[in-house]
Amino acid sequence: MSLAESHTRPKRRVGWGLQGLGGTLPAVIFLIAFFVLPLVDNTINSFENDGSAAAIDNYVRLFTDSYYIEVIARTLWVSLLSTLICIVLGYPIAYYLVRHTEGSGAFLIFLLVAPLMTSIIMRTYGWQILLARNGPISNWLLDFGLIDRPLATLRSPVSVYFGVVHILVPYMVISIASVLQSVDRRLEEAALILGASRWRAFWRVTLPLSTAGIVTGSIIVFMLCNGSFLTMLLLGNGSVVTLPLLIYQQFILVNDAGFAATMGNVLLFLALACLYLQLRTVRGRGHV
Amino acid sequence: MSGSHSVRRPDLGLIALKVYVVAFFAFLMAPIVVVVIYSFSDMAYTTWPITDLSLRWYQRMLEYRPFMSSLAFSLQVAVAAAVLSILIGVPAALALARSGSRYAEAVMTFLLAPLSMPMILLGVALLYYLSWMGLGVSKLSVVLGHTVVSLPYIIRTVAAVYIQSGRSQEEAATILGAGRWQVFWHVTLPMVRAGILAGAIFAMLISLDNLPISFFFAGPDTNTLPVVMLAYQQNQFDPAIAAISTTQTVIAVIMLLIVQRLTGLHHIIGQKR
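Chains as they are written, first to last, in our numbering: chain A, 1 to 288; chain Y, 289 to 561.
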């Protein structure tokens, strides 16, 4: 969104809040009190322990114990792989939505957004039913002779990817579609007229012009995936332990506040890094 | 148009794309549809295939007190957080949309930042912080936590609508002698009303589905619906969870249709998170 240019601004007050940022004060104060300070408090907590060890003991423990290093690496890996799957699955849909829908566009967008209106618990429950050993997918595959014993998907990381991609792929499609929309299709037509094949025109013209959408979509998906734990909890059955899930488990089982705060701080660092990248890519394109 | 290509032979690429689009939307709808179907089943467990249909799980849902009481609490929290977000978010959005300040962009980024934070981190941090403040596990704590997340949605939709609407009407009203408050009540507010409502409904949907913050504040009278559903799902695997999920979805779809009627979906999905 473009913020009003200051030269053309009338000197006289017109309307509400034209003159400055005074109106933002209540919201800014609220977020400092209930968003920034809790995170600062969390950082302070992360340096606290029973007093017998050094202040950075929690961090030493997190970054030297191979179990925790594995958890952090797995968190990043699951997010990365999920992001790649979302790009591959989502790009053709975004392309179709922008280039090939005449009457059905609104309906498809509704279908795309509709899952966002269902609870994550509901969708996870749906996958539990679909992927169960004696569930519909397993039964059909058995009936058609494609597999010879019931699926064990629900006990493996595969089901986590089903759940995560299902939740996040609409964000990717929306991000890519919004950029594709502004790509002039005449450029693609020019390439075709000049003798490029369909594929070549796509690879050399359309795809490069839409990378901005892929990048913003990827940052959003990666960021959301880093923070999600419900899918890992309900579909992973312990096979995919990521940072958020570990925080949840620590809180329920051990209630080690200092260590939970330390893991939370690592998540915070990842989130801030993503936010920074997001701001940089967005600013690079000249609009907020 | 690549007319010369498609005239000569059937466009295999486009056919493949269409088949994929159908498969993709089947993937997207499958887990939702299957839960809706199961909510009408007559079996004690979620087994396949379904043989008989019944409404027994809806009856069970209505009779299971935690579902109903937590749904009521969730709705209260969603409304309270939305109202609080409107009160502090609308002035912020209006100011930011028209401010010439070079800090406007930075302030907007800050106000939208909660969207980028992992919710579970916010939940843990808020629990210890609010406990330290003496609020601890209370209804107020849940509302405050949900407001942190609702606020950005209100600010984003209202600012977007206000920027689009231009300033000529307000200028006209001022030239014709309207005072500041008159301009606000009779010109500005009606212009952004749809944005406020759309943002509020969207924020309420997010709040109704929020587990990671609510989870940390769960107590005897602060259980939200997702918290109760998670506990139920971990202990029982019967289709009552399907019935309450379907009910929740119906509520959400009705709200979404209201948003679409008021503003068109593009206001919400056209913007980046």
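Honestly, the hints are just simulated from the structure, not real lab data.
Remember, it's a predicted structure, so these values are computed and weren't measured experimentally.
Take these hints with a grain of salt, some might be off.
Said to hold, decoys possible - Listing some non-contacts, in silico: residues in chain A with all C-beta distances to chain Y over 10 Å: (1) Phe30; (2) Thr64; (3) Ser66; (4) Leu141; (5) Gly145; (6) Ser156; (7) Val158; (8) Asp184; (9) Leu209; (10) Leu230; (11) Ser239; (12) Gly264.
As the list claims (entries may be wrong) - These stretches of chain Y come out as covered by chain A in the derived footprint (C-beta under 8 Å, 3 or more residues): (13) 313-320; (14) 340-346; (15) 369-379; (16) 403-412; (17) 431-444; (18) 479-488.
Stated by the list, open to error - Each pair of labels, with its calculated beta carbon distance range: (19) A/Leu207 with Y/His474: 15 to 23 Å; (20) A/Pro136 with Y/Pro354: 42 to 50 Å; (21) Y/Pro354 with A/Glu48: 21 to 29 Å; (22) A/Pro208 with Y/Met356: 49 to 57 Å; (23) Y/Leu375 with A/Thr43: 42 to 50 Å; (24) A/Thr43 with Y/Ala314: 44 to 52 Å; (25) Y/Arg549 with A/Ile147: 44 to 52 Å; (26) A/Arg155 with Y/Gln524: 34 to 42 Å; (27) A/Leu253 with Y/Ser357: 45 to 53 Å; (28) Y/Ala332 with A/Ile147: 22 to 30 Å; (29) Y/Met421 with A/Gly258: 16 to 24 Å; (30) A/Ile147 with Y/Leu302: 27 to 35 Å; (31) A/Gln181 with Y/His474: 19 to 27 Å.
Note that the Cβ used here is the ideal one computed from N, Cα and C, for glycine as well.
Status of the hints after comparison with the structure:
1. Phe30: Violated, since 5 Å does not exceed 10 Å.
2. Thr64: 22 Å, holds
3. Ser66: 24 Å, holds
4. Leu141: A/Leu141 is indeed farther than 10 Å from all Cβ atoms of chain Y, at 12 Å.
5. Gly145: 18 Å, holds
6. Ser156: 17 Å, holds
7. Val158: 14 Å, holds
8. Asp184: With a cut-off of 10 Å, A/Asp184 remains clear of chain Y, as the shortest Cβ separation is near 14 Å.
9. Leu209: With a cut-off of 10 Å, A/Leu209 remains clear of chain Y, as the shortest Cβ separation is near 17 Å.
10. Leu230: Given that some Cβ of chain Y is not farther than 10 Å from that of A/Leu230, nearest at about 6 Å, it is violated.
11. Ser239: Since the minimum Cβ distance to chain Y is about 16 Å, A/Ser239 lies beyond 10 Å and the statement holds.
12. Gly264: Per Cβ check, A/Gly264 is inside 10 Å of chain Y; nearest 4 Å; violated.
13. 313-320: It holds, with 7 qualifying residues against the three required.
14. 340-346: violated (count 0)
15. 369-379: With 4 residues closer than 8 Å to chain A, the region 369-379 of chain Y meets the three-residue bar; holds.
16. 403-412: holds (count 8)
17. 431-444: holds (count 6)
18. 479-488: This one is violated; 0 residues, fewer than the three required, reach chain A with a Cβ under 8 Å.
19. A/Leu207 with Y/His474: 15 to 23 Å: Given range 15 to 23 Å: violated, Cβ gap about 50 Å.
20. A/Pro136 with Y/Pro354: 42 to 50 Å: 30 Å, violated
21. Y/Pro354 with A/Glu48: 21 to 29 Å: With Cβ atoms ~35 Å apart, the hint is violated.
22. A/Pro208 with Y/Met356: 49 to 57 Å: At 54 Å between Cβs, range holds.
23. Y/Leu375 with A/Thr43: 42 to 50 Å: Violated: the Cβ-Cβ distance is about 30 Å, outside 42 to 50 Å.
24. A/Thr43 with Y/Ala314: 44 to 52 Å: For A/Thr43 and Y/Ala314 the Cβ distance comes to about 45 Å; the hint holds.
25. Y/Arg549 with A/Ile147: 44 to 52 Å: 47 Å, holds
26. A/Arg155 with Y/Gln524: 34 to 42 Å: Violated: the Cβ-Cβ distance is about 20 Å, outside 34 to 42 Å.
27. A/Leu253 with Y/Ser357: 45 to 53 Å: 27 Å, violated
28. Y/Ala332 with A/Ile147: 22 to 30 Å: 28 Å, holds
29. Y/Met421 with A/Gly258: 16 to 24 Å: For Y/Met421 and A/Gly258 the Cβ distance comes to about 19 Å; the hint holds.
30. A/Ile147 with Y/Leu302: 27 to 35 Å: 32 Å, holds
31. A/Gln181 with Y/His474: 19 to 27 Å: 36 Å, violated
Hints 1, 10, 12, 14, 18, 19, 20, 21, 23, 26, 27 and 31, counting from the list given before, are not met by this structure.
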